[in-house]
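The task is simple: from the sequences and hints, build the whole structure.
Reminder that position 16 of the sequence shown reads as 15 in numbering that gives the first Met the number 0, one-by-one numbering, no gaps.
Don't read these hints as lab results, they were simulated from the structure. Treat the hints with care, as some may be off.
[Said to hold, decoys possible] As a list, the in silico EDC-like pairs of lysine to aspartate or glutamate whose alpha-carbon atoms are at most 16 Å apart:
#, residue 1, residue 2
1, Lys6, Asp60
2, Lys10, Glu40
3, Lys4, Asp46
4, Lys4, Glu43
5, Lys14, Glu40
6, Lys4, Asp60
Bear in mind the structure is a predicted one, so any value in this text is a computation, not a measurement.
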Amino acid sequence: MTAMKVKALFKEYLKELSDTTLRGDAREESFYPALANLFHEVSETTDRSHVPVTTLPKPTDAGNPDFRL
Numbered sequence: 000m001t002a003m004k005v006k007a008l009f010k011e012y013l014k015e016l017s018d019t020t021l022r023g024d025a026r027e028e029s030f031y032p033a034l035a036n037l038f039h040e041v042s043e044t045t046d047r048s049h050v051p052v053t054t055l056p057k058p059t060d061a062g063n064p065d066f067r068l
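See the structure below:
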């Protein structure tokens, strides 16, 4: 992955976080789509498109994860 692609991915992620924050009514879970999108884009860009991203998956023996990759 090139430095320019990494920069573009994180720039978009930060924009999504900013947009969510500026709405003024965000909770923790409101930011999950932006992070899930970043995980997905990184997996696609690094030829790991087979890696699924699940937001708020079922609880496990280890607890309640926010994401599963």
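List in ascending order the numbers of the hints, as given earlier, that are violated by the structure. Per hint list: 1, 6 violated.
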